[in-house]
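4 protein chains.
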Amino acid sequence: MASTFGKIFSVTTWGESHGPAVGSVLDGCPAGLEITEEEIQAELNRRRPGQGKMTTARDEKDQVKILSGVFEGKTTGTPISFAVFNEDQRSHDYAEIQKWYRPGHADLCYDLKYGFRDYRGGGRSSARETIGRVAAGAVAKKLLKQVNGTEIIAWVNSIGEVDCGPLDLNRLTLEQIEKSPVRCPDLDASAKMEQAVLDARANGDSIGGTVCLLVKNPPVALGEPVFDRLDALLAQAMLSIPACKGFEIGSGFASARMHGSKHNDELYFDGHAYHTRTNNAGGSLGGISNGEPIYCRMAFKPTATISQEQKTAGRGGENGTLAARGRHDPCVAVRAPVIVESMAALVLADLFLLQKRNCL
Amino acid sequence: MASTFGKIFSVTTWGESHGPAVGSVLDGCPAGLEITEEEIQAELNRRRPGQGKMTTARDEKDQVKILSGVFEGKTTGTPISFAVFNEDQRSHDYAEIQKWYRPGHADLCYDLKYGFRDYRGGGRSSARETIGRVAAGAVAKKLLKQVNGTEIIAWVNSIGEVDCGPLDLNRLTLEQIEKSPVRCPDLDASAKMEQAVLDARANGDSIGGTVCLLVKNPPVALGEPVFDRLDALLAQAMLSIPACKGFEIGSGFASARMHGSKHNDELYFDGHAYHTRTNNAGGSLGGISNGEPIYCRMAFKPTATISQEQKTAGRGGENGTLAARGRHDPCVAVRAPVIVESMAALVLADLFLLQKRNCL
Amino acid sequence: MASTFGKIFSVTTWGESHGPAVGSVLDGCPAGLEITEEEIQAELNRRRPGQGKMTTARDEKDQVKILSGVFEGKTTGTPISFAVFNEDQRSHDYAEIQKWYRPGHADLCYDLKYGFRDYRGGGRSSARETIGRVAAGAVAKKLLKQVNGTEIIAWVNSIGEVDCGPLDLNRLTLEQIEKSPVRCPDLDASAKMEQAVLDARANGDSIGGTVCLLVKNPPVALGEPVFDRLDALLAQAMLSIPACKGFEIGSGFASARMHGSKHNDELYFDGHAYHTRTNNAGGSLGGISNGEPIYCRMAFKPTATISQEQKTAGRGGENGTLAARGRHDPCVAVRAPVIVESMAALVLADLFLLQKRNCL
Amino acid sequence: MASTFGKIFSVTTWGESHGPAVGSVLDGCPAGLEITEEEIQAELNRRRPGQGKMTTARDEKDQVKILSGVFEGKTTGTPISFAVFNEDQRSHDYAEIQKWYRPGHADLCYDLKYGFRDYRGGGRSSARETIGRVAAGAVAKKLLKQVNGTEIIAWVNSIGEVDCGPLDLNRLTLEQIEKSPVRCPDLDASAKMEQAVLDARANGDSIGGTVCLLVKNPPVALGEPVFDRLDALLAQAMLSIPACKGFEIGSGFASARMHGSKHNDELYFDGHAYHTRTNNAGGSLGGISNGEPIYCRMAFKPTATISQEQKTAGRGGENGTLAARGRHDPCVAVRAPVIVESMAALVLADLFLLQKRNCL
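Chains as they are written, first to last, in the working numbering: chain C, 1 to 360; chain P, 1 to 360; chain Y, 1 to 360; chain W, 1 to 360.
Please note that a few of the clues may not be correct.
Given that identical chains are not distinguished, each listed pair holds provided it fits within a single copy or across any two copies.
Calculated lysine-lysine pairs in the DSS-like style (CA-CA distance at most 30 Å, straight line) [stated by the list, open to error]: (1) 53 to 74; (2) 192 to 179; (3) 192 to 74; (4) 74 to 7; (5) 356 to 7; (6) 216 to 179; (7) 216 to 74; (8) 216 to 311; (9) 99 to 216; (10) 192 to 145; (11) 356 to 262; (12) 262 to 192; (13) 262 to 99.
These are computed hints drawn from the structure, not numbers from a lab.
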């Protein structure tokens with residue numbers, strides 16, 4: 001069940017970049033949640049390619065269909081099936097990528113693993129696989145919003161050497177983020193990031209970036225001791241996104257340079273609930289949410305497929321060169337935020353439902 | 001099954017720091033693997049407290065018993081049950097930690113989650129829980145060594161502001177690492193790290209650190225597309241270790257600052273197998289091992305329990321201060337390497353057995 | 001993941017009887033298995049309604065589409081997605097079944113469970129849900145046939161009081177079974193069963209039946225000790241089929257009346273392999289296949305929906321009567337064999353892949 | 001995870017009949033349930049051998065220890081670890097059973113599966129493995145009793161050809177059952193059953209039997225559509241008990257001979273809740289509990305190990321005879337009821353916790 005994520009609120013994704021369709025099945029969603037195809041579509045539109053110069057020119061409407069699990073506008077408690085039919089499958093000459101393994105790509109690994117592969121694109125390692133996650137994540141977001149007023153937002157924090165400046169996390173909104181073509185709410189940095197992406201594209205190159213995740217008003221007590229800690233599952237969720245190479249929560253790697261007297265977040269009771277004065281923990285202690293905002297940062301490597309010529313090896317053991325053709329995102333971080341949000345929502349919704357059973 | 005890790009080579013841990021015993025059950029280990037209590041014990045000895053000034057003074061022999069699953073020195077294919085009885089449970093006055101939530105600790109979260117808690121120590125969030133992981137991990141290591149000559153080693157890469165110098169990863173051995181009291185193979189850095197730990201302890205404080213993991217000769221093709229990617233499961237495994245706050249693989253966060261032309265690892269065929277000239281990927285592409293060494297880095301926050309007085313809140317909503325008494329590691333990173341290795345071994349062994357079914 | 005079956009060869013079904021489509025996702029199938037839509041369709045055709053007087057008049061082509069996981073005629077190792085769009089959704093007046101709970105049906109239970117339900121048919125409890133199982137089961141059958149020459153056949157053994165006569169199981173073929181309109185290879189009994197079904201229909205009634213399952217040339221050593229025994233998983237699989245109320249393996253309930261000296265199957269070695277002279281065990285000892293044919297028998301209750309008037313209660317607590325309209329199978333056992341075979345194939349394929357990891 | 005049962009209230013058993021200990025880990029039990037070792041022990045005492053002429057002479061106290069998960073008399077929400085150390089391991093000459101496969105036993109299957117086996121007894125297929133289930137089941141029973149007043153009882157319904165007479169299920173109590181040495185509440189039948197067991201033992205033979213299960217006041221709405229139906233999970237649970245060869249629920253196999261007009265249970269609303277006038281469904285419709293008593297019947301084959309001489313084959317391919325020595329239950333059904341109850345409780349507790357998440 002490697003294509004399934006979540007214990008009781010669980011999504012199973014299916015589909016390849018160049019097959020007939022991609023989609024997912026969401027099982028375990030409680031009954032009675034209002035959900036429409038339009039809400040799902042709105043999230044998919046944030047993910048889809050063809051959004052301008054910052055993304056691949058592959059133009060896909062990514063029109064979603066709900067095939068089951070919703071009746072009279074509400075979830076029924078049974079599996080919700082999503083499908084998006086692939087449209088823009090240009091007729092290609094695949095001879096080159098059938099022969100040569102693309103450096104930085106999973107081509108060789110798929111051949112080692114399965115003995116052969118669908119060589120027409122990224123197959124299951126394509127970012128198109130994440131469509132099914134975003135569709136299911138839209139439901140998870142709706143659920144969390146309804147039960148706890150939870151808001152989940154993500155943005156680009158750096159591209160190459162350009163970093164986002166300081167932000168007031170309490171006031172940050174999705175609208176601010178989505179105004180930027182690279183999804184960075186610091187508009188000065190955003191402009192420089194845009195240029196960095198355009199430069200990379202012009203050079204037949206690609207560029208990496210980091211993405212931040214913020215969860216406001218998360219339910220408390222989410223996360224199970226030991227292996228299903230909130231931070232452990234978020235780490236798995238994020239590293240499962242194509243091109244993600246790093247994860248940190250709260251002060252993350254910086255905490256490794258700190259003393260406990262500095263790092264420990266001071267606790268206080270405000271008459272209603274417990275709070276911390278700082279949030280080095282990033283909202284998770286012992287792997288369990290303490291009610292503070294959940295804050296994480298993820299590293300995305302530069303897109304593997306570039307049009308510069310690279311040395312590589314071929315399927316038959318030959319050594320040679322490859323200059324990839326076709327349409328690719330020069331910076332995967334730009335389209336990553338909605339995927340990051342979706343994976344976070346899937347983790348939290350599952351842990352929320354699991355938490356329902358912990359007390360008598 | 002939040003206390004269970006792994007799909008078919010799966011470990012379930014149990015036990016609290018101040019209960020009668022801790023242990024684990026390892027299910028799904030193939031039959032016929034030679035294993036002795038001594039081999040398990042050797043790994044536990046690397047983890048146990050009371051190893052000098054660098055660790056807690058709590059003195060535990062951590063003597064392991066194998067209660068099932070091994071017959072005439074070999075695994076039988078049935079569950080292997082490990083138990084370690086707790087010994088050094090000093091009679092304490094628990095009134096203070098029963099009343100006050102320790103900042104940076106999971107005390108509050110457990111109360112929020114379950115309505116009450118075993119207040120005598122860290123309970124399930126205690127590092128003693130990892131005993132069951134190390135015992136099972138010892139079997140996983142043996143299995144991987146036998147089937148592929150795989151070696152798994154981990155070391156301390158930084159403590160506070162002190163960083164390990166450059167290492168020749170091809171020649172690095174466990175013996176070099178274990179010679180250092182802080183498990184850093186760079187002996188100059190090791191001496192400075194020791195001093196940093198002693199200083200922290202002297203100040204009633206604690207200090208963070210980073211740990212590196214290296215897997216030599218990993219089997220190829222491990223990791224399942226999508227959610228059970230090798231790097232995603234390693235991330236979950238590492239973040240599930242108490243005090244871990246960050247994970248990166250290969251060039252990790254540094255990759256977010258790179259261009260694709262620099263980051264992509266050039267492929268070549270040497271007549272026998274495929275290799276890459278660099279290893280920015282850290283041994284995993286598309287979430288599947290390509291045969292290069294797997295290389296990761298983890299951040300550990302400073303120990304939450306410190307003897308300095310800290311402001312905090314109490315169980316009844318009162319605000320006040322707490323200065324923790326008792327015996328604690330001033331730097332959890334020092335005892336973390338064997339836990340890191342064990343978790344990595346559990347991930348790889350499970351993926352190795354899963355991979356057996358991918359081709360006809 | 002209640003809609004998912006199997007640990008590594010796992011199927012997730014989705015869809016309601018009156019929604020846009022039904023289908024399933026099969027994850028964990030090894031790469032390289034040749035499979036076509038035609039092979040899947042052939043199995044679905046055995047399951048589909050509208051096959052004459054013995055089944056419901058609802059006419060559905062049940063045309064299957066493979067949406068992912070197959071490339072150039074072979075499985076790729078990634079999830080295989082099946083979809084069948086519903087066609088014959090007559091415009092109904094649903095007022096009656098929206099108001100009254102059908103006796104013997106799950107209507108009330110769904111309302112108790114989820115607070116409301118898709119009242120237009122059986123929803124998830126409809127036999128149409130089994131389409132996704134049969135599609136996945138067709139792949140499982142192909143896999144088992146290829147790796148071990150395994151044959152899986154099922155037939156109707158009784159309808160009402162009419163029992164099938166003695167059969168020579170060694171020579172029984174699917175062709176013989178499918179020749180009978182009620183799928184009973186004893187043609188005398190078959191004719192009487194047909195009459196029993198026609199009589200039930202004429203009376204606005206329904207009738208129960210039993211189905212036998214035979215697996216020839218099963219792989220040896222399938223089934224895991226304790227909870228995932230071969231017979232335990234077969235029992236779950238069979239009882240998960242709508243209307244199934246009983247399961248027995250080998251001599252089953254008759255064994256409870258026997259002495260051990262009679263029941264124990266004598267073992268012998270024929271120079272090549274071990275065999276038993278009798279097969280009271282039904283091919284499973286200690287929950288593990290011993291290589292003898294697997295033989296089970298299942299009870300199916302009469303179809304719950306009948307057109308005779310029945311006393312029942314309504315959604316608002318009113319008591320009254322209901323005479324169901326519409327098209328229903330008078331005897332569900334007649335269409336059950338291919339579903340029984342499919343579920344058995346799913347169990348065996350999963351256990352076959354699991355068994356690959358049991359020895360070094 | 002073949003030794004683990006249950007999705008969130010899950011038990012993992014470990015241990016062999018002749019190893020140092022047997023036990024289990026129960027994960028996912030809600031916090032705050034009062035439980036003592038004495039309550040667990042009371043259930044184990046009903047299961048233990050050495051209870052008179054009806055059971056094996058192997059004398060084991062089966063003294064249980066709770067090693068984790070309970071603090072100040074209440075569950076903490078963390079894994080509960082149970083251990084029972086084996087005591088009566090007589091020094092045997094194992095040469096015979098090491099060489100010859102016992103007919104009707106899993107010896108051959110374990111060798112086929114794992115390449116070798118612990119030949120000193122039944123290993124994992126021994127009834128001693130069920131100790132861990134009964135311990136965990138005791139907690140499940142307590143939970144169900146507390147949340148819904150649920151009572152779970154099982155009794156022997158037949159031994160060989162002797163059947164229990166009609167019972168008033170509404171008034172049947174555990175006390176009545178436990179008064180009978182063979183656990184049959186019909187005392188006339190009980191006496192005949194005793195004689196049948198004694199006769200079998202005197203002949204060096206064994207004898208089969210059936211066991212009935214009754215669950216009074218089950219929570220409504222338990223069971224998930226499709227694969228995790230209440231009846232499907234009960235079937236798996238029961239068939240996972242050593243020697244169980246058949247399962248039926250409600251009118252079971254008899255329903256296959258009935259018409260729908262007779263079988264359907266008439267529904268009515270009594271002003272407070274919905275009820276059925278008959279209970280052919282056995283408390284489960286569409287795999288979901290409707291609140292009526294859950295009623296099942298299980299077939300147990302005669303004990304495989306008998307002292308009569310039987311023809312069989314040996315490990316090296318030789319054909320010969322074996323007359324088993326040692327101490328065995330002549331009728332496994334006699335000790336089965338508490339195991340049946342425990343497995344039913346584990347199923348229901350898991351489904352109860354799962355049901356908590358089905359509605360918003």
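Cross-check of the supplied hints:
1. For the identical chains of this complex, residue 53 and residue 74 are neighbours neither inside a copy (38 Å) nor across copies (37 Å), given an alpha-carbon limit of 30 Å.
2. Taking identical chains as interchangeable, the C-alpha atoms of residue 192 and residue 179 lie at most 30 Å apart only when both belong to the same chain, with a minimum of 15 Å there against 48 Å between chains.
3. With identical chains, the CA atoms of residue 192 and residue 74 are never at most 30 Å apart, being 44 Å at best within one copy and 47 Å at best between copies.
4. In this assembly of identical chains, the alpha carbons of residue 74 and residue 7 lie at most 30 Å apart whether taken from the same copy (22 Å) or from different copies (26 Å).
5. Within a single copy, residue 356 and residue 7 get their C-alpha atoms as close as 13 Å, and across copies as close as 14 Å, so both meet the 30 Å cut-off.
6. With identical chains, the CA atoms of residue 216 and residue 179 are at most 30 Å apart within one copy only, with a shortest distance of 20 Å there and 46 Å across copies.
7. Taking identical chains as interchangeable, the C-alpha atoms of residue 216 and residue 74 lie at most 30 Å apart only when both belong to the same chain, with a minimum of 25 Å there against 34 Å between chains.
8. When the C-alpha separation of residue 216 and residue 311 is checked against a cutoff of 30 Å, the pair qualifies only between copies, where the shortest distance is 25 Å, while the shortest distance within a copy is 46 Å.
9. Only between protomers do residue 99 and residue 216 lie at most 30 Å apart by alpha-carbon distance; the minimum there is 29 Å, versus 48 Å within a single protomer.
10. In the homo-oligomer, the alpha carbons of residue 192 and residue 145 never lie at most 30 Å apart, since the shortest distance is 34 Å inside one protomer and 49 Å across protomers.
11. Taking CA atoms no more than 30 Å apart as the test, residue 356 paired with residue 262 passes in neither setting, with 34 Å inside one copy and 41 Å between copies.
12. Taking the shortest alpha-carbon separations for residue 262 and residue 192, only the inter-copy value of 21 Å comes in at or below 30 Å, while the best intra-copy value is 34 Å.
13. In this homomeric assembly, residue 262 and residue 99 come within 30 Å of each other (Cα to Cα) only across copies, at 23 Å, whereas the closest approach inside a single copy is 55 Å.
Hint compliance for this structure: hints 1, 3, 10 and 11 are broken, all remaining hints hold.
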